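> What follows is the residue order along each chain.
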Amino acid sequence: MAGADGDDSLYPIAVLIDELRNEDVQLRLNSIKKLSTIALALGVERTRTELLPFLTDTIYDEDEVLLALAEQLGNFTMLVGGPEYVHCLLPPLESLATVEETVVRDKAVESLRKISQEHSPVDLEVHFEPLVKRLASGDWFTSRTSACGLFSVCYPRVSSTVKAEIRQHFRTLCSDDTPMVRRAAASKLGEFAKVLELDYVKSDIISLFTALASDEQDSVRLLAVEACVSIATLLPQEDLESLVMPTLRQAAEDKSWRVRYMVADKFSELQKAVGPEITKNDLVPAFQNLLKDCEAEVRAAAANKVKEFCENLPEDNREQIIMTHILPCVKELVSDTNQHVKSALASVIMGLSTILGKDNTIEHLLPLFLAQLKDECPEVRLNIISNLDCVNEVIGIRQLSQSLLPAIVELAEDAKWRVRLAIIEYMPLLAGQLGVEFFDEKLNTLCMAWLIDHVYAIREAATCNLMKLVEKFGAEWAQNTIVPKVLGMANDPNYLHRMTTLFCINALSEACGQDITTKQMLPVVLKMSNDQVANVRFNVAKSLQKIGPVLDSNALQTEVKPVLEKLATDTDMDVKYFAQEAISVLVLA
Amino acid sequence: MSAISASEKVDGFTRKSMRKAQKQRKSQGSSQYRTQSAPVELSPLPQLKDAPSTEQQELFTQKLQQCCMLFDFLDSVMDLKSKEIKRATLNELVDYVSTNRGVLVESTYPEITNMICTNIFRTLPPSDNPDFDPEEDEPTLEASWPHIQLVYEFLLRFLENPDFQPSIAKRHIDQKFVLQLLELFDSEDPRERDFLKTILHRIYGKFLGLRAFIRKQINNIFLRFIYETEHFNGVAELLEILGSIINGFALPLKAEHKQFLMKVLIPLHTAKGLALFHAQAYCVVQFLEKDPTLTEPVIRGLLKFWPKTCSQKEVMFLGEIEEILDVIEPTQFKKIQEPLFKQISKCVANPHFQVAERALYFWNNEYILSLIEENIDKVLPIMFGSLYRISKEHWNPTIVALVYNVLKTLMEMNCTLFDELTSSYKAERQREKKKEQERDELWKKLDELRLSSAALVQNNSHGLPSVQNNNNNNNNNNSSNNNDNQDTRAEAAAVPTDNKVPDAGVAASESTPCAK
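If you read the protein sequences in the order shown, they are chains G and S. Each residue of the first sequence is one higher than the last, beginning at 1 in our numbering. Each residue of the second sequence is one higher than the last, beginning at 1 in our numbering.
Each hint should be verified, as a subset may be incorrect.
[Claimed, not checked] Partner residues aside, some chain S positions facing chain G, computed with beta carbon under 10 Å:
(1) Glu84
(2) Gln180
(3) Glu183
(4) Lys263
(5) Pro267
(6) Leu442
(7) Lys445
(8) Leu446
[As the list claims (entries may be wrong)] Capping the alpha-carbon separation at 16 Å, the derived lysine to aspartate or glutamate pairs in EDC-like fashion look like this:
(9) S:Lys444 with G:Glu19
(10) S:Lys216 with G:Asp139
(11) G:Lys542 with G:Asp570
(12) S:Lys433 with G:Asp24
(13) S:Lys304 with G:Glu101
(14) S:Lys263 with G:Glu101
(15) S:Lys258 with G:Asp139
(16) S:Lys263 with G:Asp63
(17) S:Lys346 with G:Asp24
[What the hints assert, rightly or not] Residues of chain S placed beyond 12 Å of chain G at every Cβ, according to the derived structure:
(18) Met78
(19) Thr108
(20) Pro125
(21) Pro162
(22) Arg171
(23) Leu210
(24) Gly248
(25) Leu253
(26) Lys335
(27) Pro339
(28) Trp395
(29) Thr398
(30) Thr409
Calculated from the structure, these hints are not laboratory results. In this text, all values refer to a predicted model and were calculated from it rather than measured experimentally. Each residue gets a CB set at the ideal place from its N, CA and C atoms; glycine is no exception.
Kindly produce the complete structure, drawing on both the sequences and the hints.
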């Protein structure tokens, strides 16, 4: 490692440090981002003895610089001489873990977690763990917050005395009097529980969990719900009822909607963690309540989980639970006053058909699908259409097609281009399920109309859509239905539409094959090389480059080459550029 | 659906005005989560003033209990009669505690606080508009205001009653009470926040034992606002209260208060909203008037959080700096003049004319002018470069005219120095350029070294991810990063624009250089 020893004459540390001290923040930031280069220039020895102390001392800087520094130091192990010296990185990172700005602190903690793995067990106890302790008992809340994220990485690799200390520190932080620290502790509770021995989970973690779950601040309580999932997974089934369930029940009925929202949001995870029996007795009624919650936010979160929840119900009486307990709530949600709730439901409701089977779907779900297909909110309709495949498997799409068509047409002409874009993306899927006849009859015109939409993204998506349709229905279909229309646009007075022809040809040539490309498309492209708009001309060059591989060498030499050569002498520099590029890519020179 | 206007069709995104219009339909919110079973119909009780004095106390309690019944105001026709009875009763109670003496006997305190807690303490409903901007958007108003307002009114009268005894009340108006009260400051309804402000101020005044607690909890709210959620509707109101609290601080200032200034109040300047600034500036100036030695850390703090991209905020910062300079002591001025004027010199050269203008207005301030004159040998060299350059380059004629005046003033202050700086200006710039080149070369050399040894190290170890990732760092130009370029391009392609004039507009989002 000759270079790694550095060269004093060339790079005196003063010059480098001068860079890190520059008055211009941007320059300082650049230097910090290239800190590894500086370290390399100095060599490992001087990095340890000169650079790191400097960095530790001059920690007062713009947050952006500090963020970059915190990130860099996480990857510095080799630059200070490998794992045996990794503890040299702790002092600057410790300071960074105490700054106010959250992103800096989080990054410092992330880097500390990373380099903790590179510590030997001895170093971990001698250097790393004392740092964690210092942070955990810091005066200002920032250092205590940072400490919360470090317990779990060192716990598994230290002696049992140190373990006991770590547990004690964690306990203290869980009842810290600043809510910021309690939040940090609550958010790490699950992670910490995972590395603890089961006995300590039962003795320590449960009491902390219970306390945090009944904290005076809802922002703390809701984090306990997250921890609930990990804790429940760790405990044996027989302990769940006494240790976890009282708290979970309380959370599902919390007076703060944020906590209830969190329960709804984590419902599938909770369901898996507590197992089928508790699900049947406790979670089903809780879920019903969440679906009927007075806050739309909570209902929407619960509605999102309907399918997953039903899927994971114990199979023996799944159907009965859904039909008697869940479906009545779902029916009400279809006509909810809030569109987010309806659209959340619409994104999952189709999934119920596979669970409930053909007869139930036709009798109970179909009316709901149809109602949602007529919903006033486009997002709801879109979500139903985008999940048609689930229903198709169970009852076949014909049942729906009469209602489907008006819904699709309306979305295809929606005023918002994002809605139009979304429906285009489902076209290939719909085409596949509805069949070529239905498609030609009802949907083909829509697909062609999108090609002249006034939004570029729609035209682009329409082009891509045509390609997928051709892949589905074959070259012959393309030749009869879409190629003539696409080529017809080459004579459109609007240059954007003429360009759309080129884009379509780019997309379709491969799927259509050599014959159609050479006989029908190529002549049109070549003719467009005389277009008066430069944009069209350089796109001709790009198109030729694109379809070249599909053509035979004869066509390339006799037809394509002369045109490209002509374009290469165009007055417009962009046309020239792309023509030359095409010539060289197609090896025509 | 049907009501989509042509303008929206073109834009694709819902305009703020559109969202507002939609919002106004449902501009009321309320959240009382299953607090009780269905309300029982209320029946009117006799008037307090008609009751014999022996029974008044009992009747007062009954009325307080009656007012604990909560009603659903989102359903405007439900329980109309009972709602009216409660409203009338609350009115009567307000009247009763504000005009009568001797009605606040000890036994009524629990009933009173219970009634208040039941009515006002609730979880605030989710906001209709997740990125609610207090300056732009219509707030969601509290639906149950007809009752809640009277309860707040009652609480205020209760606290202001001459017979009110904090020593008894402190058993009920305790830390938990204050904590819940503070959480309500997040209400979107400005009427509610206004009441809360007055009430909290009274509580702070009357309950000495709660003062430290209140300050600490406000700190926590601010810190959460700054570093976690960036959202809390009542920050301005809390700052107003703090302004008057700071005013009453005894000297010398406690460490706790200084910590609040440096660790909370100054970082609060990073907040997005501009509405906060007046209250902030007020608090900061209050501190400096108490203890001038805080000037240096405060100004350094402001310089640290100086806005990078938001010109509006920069104007506010300059305003705050001027307020500070108005009260600054000359000795303190000397301590911060260098970093401060470096920033001011950047502001003066700002291409945004409002920023430049605001900074140049400093020279209209007599006191600041006198401070500059006193320290002209330090200030002029810092300011000269920017002023000289913009006097020739700034696009805005007003700014150029202002700069000429400033230059003239500065020249009059020290003519010799001014001449020296003018003659050395060119040499100075050339020196800067040379330095720039040297830096480039240094980095080039470093890069060469890095490349060669990175190859070596790679063979020797599996580490050094950061070095391998940084493939091109040939100069100081950060944006020339390969990945960055790819990202921007991908983004440009992924974000299409709807436009009224399809041809012209869309061409812009189309690939590469387009029609001339």
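> It remains to establish, for every hint, whether it holds in the given structure.
A quick look at each hint next to the structure:
The restraint placing S:Glu84 at the interface with chain G is violated, with a minimum CB-CB distance near 24 Å, outside the 10 Å limit. Taking 10 Å as the C-beta cut-off, the interface hint given for S:Gln180 holds, the closest approach to chain G being about 9 Å. Taken as an interface hint, S:Glu183 checks out: its beta carbon lies about 8 Å from the nearest beta carbon of chain G, inside 10 Å. Because the closest C-beta pair between S:Lys263 and chain G is about 7 Å apart, less than 10 Å, the hint holds.
Interface restraint check for S:Pro267: the shortest CB-CB distance to chain G comes to about 6 Å, inside 10 Å, so the restraint holds. For the restraint placing S:Leu442 at the interface with chain G, the shortest Cβ-Cβ distance is roughly 6 Å, inside the 10 Å limit, so the hint holds. Taken as an interface hint, S:Lys445 checks out: its beta carbon lies about 6 Å from the nearest beta carbon of chain G, inside 10 Å. Below 10 Å, beta-carbon pairs count as interface contacts, and S:Leu446 has one with chain G at about 5 Å; its hint therefore holds.
For the given pair, S:Lys444 sits about 14 Å from G:Glu19 by alpha-carbon distance, which is consistent with the 16 Å threshold. This hinted pair checks out: S:Lys216 and G:Asp139 have alpha carbons roughly 14 Å apart, not beyond 16 Å. Taken as a hint, the G:Lys542 and G:Asp570 pair is honoured in the structure, with Cα atoms around 14 Å apart against an allowance of 16 Å. Only pairs whose Cα atoms come within 16 Å are accepted, and S:Lys433 paired with G:Asp24 is accepted, the gap being roughly 14 Å.
Taking the CA atoms of S:Lys304 and G:Glu101, the gap is near 12 Å; set against the 16 Å cutoff, the hint holds. Distance restraint check for S:Lys263 and G:Glu101: the Cα-Cα separation of roughly 11 Å lies within the 16 Å cut-off, and the hinted pair is therefore satisfied. Between S:Lys258 and G:Asp139 the CA atoms are separated by roughly 15 Å; this keeps the pair inside 16 Å, and the hint holds. Taking the CA atoms of S:Lys263 and G:Asp63, the gap is about 14 Å. The hint holds against a cut of 16 Å.
For the hint pairing S:Lys346 with G:Asp24, the CA-to-CA distance comes to about 11 Å; that is within 16 Å, so the pair holds. Every CB of chain G is more than 12 Å from the CB of S:Met78 (nearest about 14 Å), matching its label as outside the interface. The beta carbon of S:Thr108 is kept farther than 12 Å from every beta carbon of chain G, the shortest such distance being approximately 27 Å. At the 12 Å boundary, the C-beta of S:Pro125 falls inside the reach of chain G, the nearest C-beta of that chain being 7 Å off.
The beta carbon of S:Pro162 sits about 33 Å from the closest Cβ of chain G, which is more than 12 Å, so the claim that it is off the interface holds. Interface exclusion of S:Arg171 from chain G stands, the closest Cβ pair being 18 Å apart, more than 12 Å. S:Leu210, annotated as away from the interface, keeps every beta carbon of chain G farther than 12 Å; the closest lies near 15 Å. Against chain G, the non-interface label of S:Gly248 holds: every CB pair exceeds 12 Å, the least being about 25 Å.
No beta-carbon of chain G comes within 12 Å of the beta-carbon of S:Leu253; the shortest separation is about 18 Å. With a cut of 12 Å on Cβ distances, S:Lys335 stays outside the contact zone with chain G, its closest approach being about 17 Å. Under the 12 Å C-beta cut-off, the non-interface status given to S:Pro339 relative to chain G is violated; the minimum distance is some 10 Å. Consistency note on S:Trp395: stated as away from chain G, and its beta-carbon is indeed over 12 Å from all of that chain's, at 23 Å minimum.
The Cβ of S:Thr398 lies farther than 12 Å from every Cβ of chain G, with a closest approach of about 28 Å, so its non-interface assignment holds. Listed as outside the interface, S:Thr409 is consistent with that label: its C-beta sits roughly 26 Å from the nearest C-beta of chain G, beyond the 12 Å cut-off.
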